[in-house]
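Chemist: Chains as they are written, first to last, in the numbering used here: chain A, 546 to 780; chain B, 2 to 720.
Check before you lean on any hint, since a few could be wrong.
[Claimed, not checked] Using C-beta positions, here's what the derived DEER-type ranges look like:
hint, chain 1, residue 1, chain 2, residue 2, range
1, B, Ser-300, A, Ala-750, 23 to 31 Å
2, B, Asp-276, A, Gly-669, 45 to 53 Å
3, A, Ser-549, B, Leu-14, 55 to 63 Å
4, B, Asp-416, A, Arg-607, 38 to 46 Å
5, A, Arg-607, B, Glu-274, 39 to 47 Å
6, A, His-708, B, Glu-274, 36 to 44 Å
7, B, Met-178, A, Ser-549, 41 to 49 Å
8, A, Ala-750, B, Ala-698, 54 to 62 Å
9, A, Val-649, B, Asp-416, 49 to 57 Å
10, B, Glu-274, A, Asp-635, 42 to 50 Å
11, B, Thr-492, A, Glu-753, 45 to 53 Å
To be clear, the hints were calculated from the coordinates, so they are not data collected in a lab.
Glycine included, C-beta positions come from ideal geometry on N, C-alpha and C.
This is what each chain is made of:
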Amino acid sequence: MTPSDVRSEVSRLNVTLLESNVAINVNGSVLKRNGSNVLVTWPNASLSALSDHVFGSLQEYRHFLRHREYTALLTDGALLQLSYSFDHDDVVGHRLCYYPCPLVLKSGGTSASFIDDFDDQLAGELEAQHAVLYASSRVDPIFGLRLRGPLRFDFDARNYSPHHSASHLHLLQDDSRWPIYGPVSIGHFVRFVFRHFYPYLEVAALREWPLRHGGRTVTASEEYELFIECRQQLR
Amino acid sequence: MRPRSTTTHMLELVTGQSRNAPAERELIRVLHTVPLSGTLYIGYPIIGSTDEPVTVDALLTTTEHGVVIFDYAGDASSPELISQISDHQNDIHAAIYQKLFSHKPLRSGRILAIPVQVITLTPIDPPGSLPAETIITTAGGLRSVLEALPSISTDLFRSVNAAIQRIATIKPANKRMKVSKSGSRGAIMQRIEREIANLDQWQKKAAIESPDGPQRIRGLAGSGKTVVLALKAAYLHARNPQWNIIVTFNTRALYQQFQDLIRRFCFEQLNDEPDWSKLRLLHAWGSGRQPGVYSEIASLNGLVVRDFAYARQTFSYATAFGGVCDELLAGVKSRTPTEIFDAVLIDEAQDLPPSFFELIYLSTRDPKRIVWAYDELQNLGAYTMVPPAELFGSKADGSPRVADLQPDATGARRDIILPVCYRNTPWALTAAHSLGFGIYRREGLIQFFDDPNLWFDVGYAVAEGALEPGAEVTLARRPDASPAYFRELLTPDDAVQFHTFNTKQEQVTWVAQQIKHNVTEDELDEKDIVVILADALTAKKEAARLIEALDLQGLSAHLAGVTGSVDQLFEDGSIAITGIFRAKGNEAPMVYIVNADYCASPYIPIKGRNTLFTAITRSRAWARVCGTGSGMASLTAELQAVRDNEYRLRFRVPTTEELGKLRRIHRDMSKAEIEEVERIQTALTAFSNKLKTGEIAKEHLPKELIRDLATLLKSDDEE
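Working from the sequences, and respecting the hints, build out all of it.
Modeler: Listed below in structure tokens is the structure:
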């Protein structure tokens with residue numbers, strides 16, 4: 546697999562998301578080169594900014610939205626972020642994130658100015674929550690604010706340590722790292738997201754997105770605890 | 002643009018806030034007796050230094066004598082005073098030197114390539130000898146002092162002006178690392194950007210002239226209005242840090258743009274962040290989250306602040322803001338209004354209701370420093386702005402509060418027109434106007450200005466005939482309404498092209514191939530290119546098709562929109578695809594318009610033509626209008642007619658009656674209406690087929706119907 550292969554696969558994913566009306570907005574992948582290292586990511590990716598916000602916070606979601614830090618924005622406001630890094634043609638890292646929208650959107654995501662709508666609804670929602678929590682108000686709560694955390698599949702072959710498995714899933718908080726058997730392909734990620742979080746969407750192309758198999762990086766000691774496994778189908 | 006001033010020995014005057022009017026008059030008088038080509042800035046600029054801002058009384062840039070700074074001193078009669086002046090001169094020199102030194106073109110190795118002189122003007126010649134490098138003179142001695150100063154090259158002169166006008170940092174010049182071939186599109190854009198860096202004299206004047214009273218700024222879209230307002234706000238704030246200054250506008254997305262521009266100008270002038278509690282950016286109305294001018298005026302006067310939900314319910318969607326402003330104005334007038342603002346700058350004035358202006362007037366302290374700016378023509382819907390006499394309401398005796406816009410006592414203008422359109426080539430503008438109105442449409446005009454004089458305001462002149470109802474006329478763009486560089490660098494045939502394709506697939510494939518060529522051979526960056534999808538309904542599908550086609554060329558693309566911020570249309574390394582609405586207010590060197598045939602749809606004559614106008618006027622250099630089918634063929638024929646007429650508009654001016662008829666026939670239909678027409682059309686086609694084949698005989702139909710049909714169709718034919 547080469548950086549161009551990933552760029553192309555992301556393009557195909559974006560085309561599918563648009564054609565099946567699952568995404569409102571997409572950003573293709575660009576190749577950012579640094580010596581023999583190539584990062585394939587959304588155009589606006591600023592990796593330092595990723596750490597400026599608390600993982601899974603409202604601010605982080607809003608920041609990603611406002612700064613177009615995503616590969617695709619889905620109609621329910623969820624974000625998909627897909628990026629891979631290469632050394633020559635070897636995958637040395639990835640960041641595959643499913644970021645659900647913290648709001649139950651009243652008007653679906655079709656607006657030309659999604660962020661303004663989001664902000665308006667968020668402001669209204671926060672006021673309503675406040676009224677419900679702290680006052681005996683007659684406000685009818687909508688309860689549109691959800692407690693949902695992002696899922697992020699990270700792979701970092703170079704920074705392995707006993708507390709930092711090479712491929713892992715961040716769940717609920719940034720320093721929770723569930724070991725994964727090895728690097729995750731676009732297909733594994735897309736299938737996982739659409740089969741588990743959008744079971745009602747009958748888009749076969751997404752549920753059956755082709756898989757690629759890399760090596761295993763999970764260690765023997767990690768295998769003695771709970772970890773995420775995936776077997777390769779023999780043909 | 003050509004530096005006209007250097008060839009004709011002309012000293013241009015830019016008046017800011019003066020500190021010492023008599024000294025200033027004296028200075029101007031003397032300078033006018035010397036042959037100088039360049040600019041004299043009065044009360045400008047404020048040089049940010051590490052310690053505190055240094056204000057310069059006057060600054061002269063000329064090819065003859067480089068950069069000369071004037072400082073006025075009342076008294077230089079003792080050695081102590083002279084030593085103070087000398088110190089002060091050193092501070093000013095250091096500040097200017099530092100500022101200019103940060104601009105690479107002005108450096109020669111490790112030193113500044115041009116000499117900077119500081120001259121202190123005093124009423125009486127100083128006694129005895131002066132410290133080294135210190136120049137103190139009276140106005141009378143100035144001429145000989147100046148003549149001793151060396152000249153600078155035209156190139157350096159331009160760079161100095163660019164540095165002083167800060168425009169180089171307004172729009173951070175695209176680095177254009179790719180460019181290696183002279184004459185490539187990338188190299189052409191590099192030239193155009195460099196030329197733009199040298200702010201035109203009109204923009205400069207508008208930015209710095211600060212009359213004691215209301216001031217109007219207008220111009221074509223693309224004439225640099227927002228930049229001028231931002232510069233002005235920063236300038237006023239730097240000069241008057243204690244003033245309560247408001248910048249307001251109608252589109253939320255402008256917030257970010259203004260903030261960025263003003264911050265940059267303030268850093269340049271003060272080396273510091275503006276004090277955002279004094280210089281405030283406020284949306285005209287405001288929302289639950291952000292305070293606005295309206296809500297602030299209401300609460301300061303102790304009146305109810307209405308929200309959008311209320312306004313939409315009480316008035317209509319379109320008149321919501323006007324409604325709440327009218328209501329608030331009545332309330333404010335019934336008491337003594339609280340005057341809270343020292344200066345108010347209003348952008349997009351054409352989108353704001355008249356009562357809003359009166360509210361601002363009542364809330365602004367004397368001498369009512371209110372600046373309002375608008376595009377002469379945002380789109381083809383001829384919108385005329387209310388004249389100032391009506392805009393600000395009337396006094397108790399019925400006379401207008403703002404009677405006219407004559408220059409104030411110091412000569413600072415109060416009515417400024419930005420006549421040069423930097424954004425579009427003259428050919429794109431002419432093509433856009435021609436297609437927008439349907440000038441060369443076989444069936445005649447689609448729409449027209451209510452007031453034909455607007456043609457002059459948008460940069461045309463009569464070449465032949467007369468611009469009068471019923472008369473034949475030929476209009477051509479005035480040469481001075483476009484910067485000269487377009488004619489030097491581009492050709493009409495390359496600037497605007499129409500391409501017709503057999504299928505939509507063929508169309509996107511061609512567009513993708515062209516874009517590939519643009520980013521490889523033509524040395525353009527991905528950021529230089531935007532693809533506009535004319536038909537909003539099919540935009541998503543078309544975008545998907547285009548992303549696929551671009552992928553085959555190894556290119557990435559993104560869909561613009563949804564971020565709610567204007568300046569994020571473009572991304573590094575990725576081609577922007579956008580619908581027509583998001584494209585508004587944005588521009589790109591190379592613009593591809595896809596599915597333009599949609600604009601020829603008979604059901605949406607006005608919307609279609611306006612879409613075409615907006616799309617073509619997004620191009621800073623090249624427009625490629627693409628489409629399929631017969632609709633595209635007829636549009637292409639119209640463009641061909643523009644070309645055959647050498648980018649002149651030749652037509653008969655409609656009479657008042659004809660204008661009325663145009664409006665009646667050519668209106669956009671609703672979805673239901675379109676369906677109705679299509680239904681009838683199907684039925685009529687079947688009817689006429691059956692008549693032809695004899696399945697229905699004329700005799701089967703009522704006589705009256707036949708007669709009516711014959712009369713109606715015949716009379717329409719003749720017209």
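Chemist: Just tell me: holds or violated, for the beta carbon distance of B/Glu-274 and A/Asp-635 against 42 to 50 Å?
Modeler: This hint holds: roughly 46 Å between Cβ atoms.
Chemist: Determine whether the Cβ-Cβ distance between A/His-708 and B/Glu-274 falls within the hinted range of 36 to 44 Å.
Modeler: Since A/His-708 and B/Glu-274 have Cβ atoms about 42 Å apart, the given range 36 to 44 Å holds.
Chemist: At the C-beta level, are A/Arg-607 and B/Glu-274 separated by a distance inside 39 to 47 Å?
Modeler: Since A/Arg-607 and B/Glu-274 have Cβ atoms about 23 Å apart, the given range 39 to 47 Å is violated.
Chemist: Check the following: the C-beta atoms of B/Ser-300 and A/Ala-750 are separated by a distance inside 23 to 31 Å.
Modeler: Given about 54 Å between the Cβ atoms, the range is violated.
Chemist: How does the Cβ-Cβ distance of B/Met-178 and A/Ser-549 compare with 41 to 49 Å: does it lie in that range?
Modeler: 21 Å, violated
Chemist: Against the range 49 to 57 Å, how does the distance between the Cβ atoms of A/Val-649 and B/Asp-416 compare: consistent or not?
Modeler: 52 Å, holds
Chemist: Given the hint of 38 to 46 Å, is the C-beta distance from B/Asp-416 to A/Arg-607 inside that range or not?
Modeler: With a Cβ separation near 43 Å, B/Asp-416 and A/Arg-607 satisfy 38 to 46 Å, so the hint holds.
Chemist: Would you say the C-beta atoms of A/Ala-750 and B/Ala-698 sit inside 54 to 62 Å of each other?
Modeler: 56 Å, holds
Chemist: Would you say the C-beta atoms of B/Asp-276 and A/Gly-669 sit inside 45 to 53 Å of each other?
Modeler: Given a distance of about 32 Å, which is not inside 45 to 53 Å, the answer is violated.
Chemist: Do the Cβ positions of B/Thr-492 and A/Glu-753 conform to the proposed distance bound of 45 to 53 Å?
Modeler: 52 Å, holds
Chemist: Could one say that the CB atoms of A/Ser-549 and B/Leu-14 fall in the range 55 to 63 Å?
Modeler: 58 Å, holds
Checked against the numbered hints listed earlier, the structure breaks hints 1, 2, 5, 7; every other hint is satisfied.
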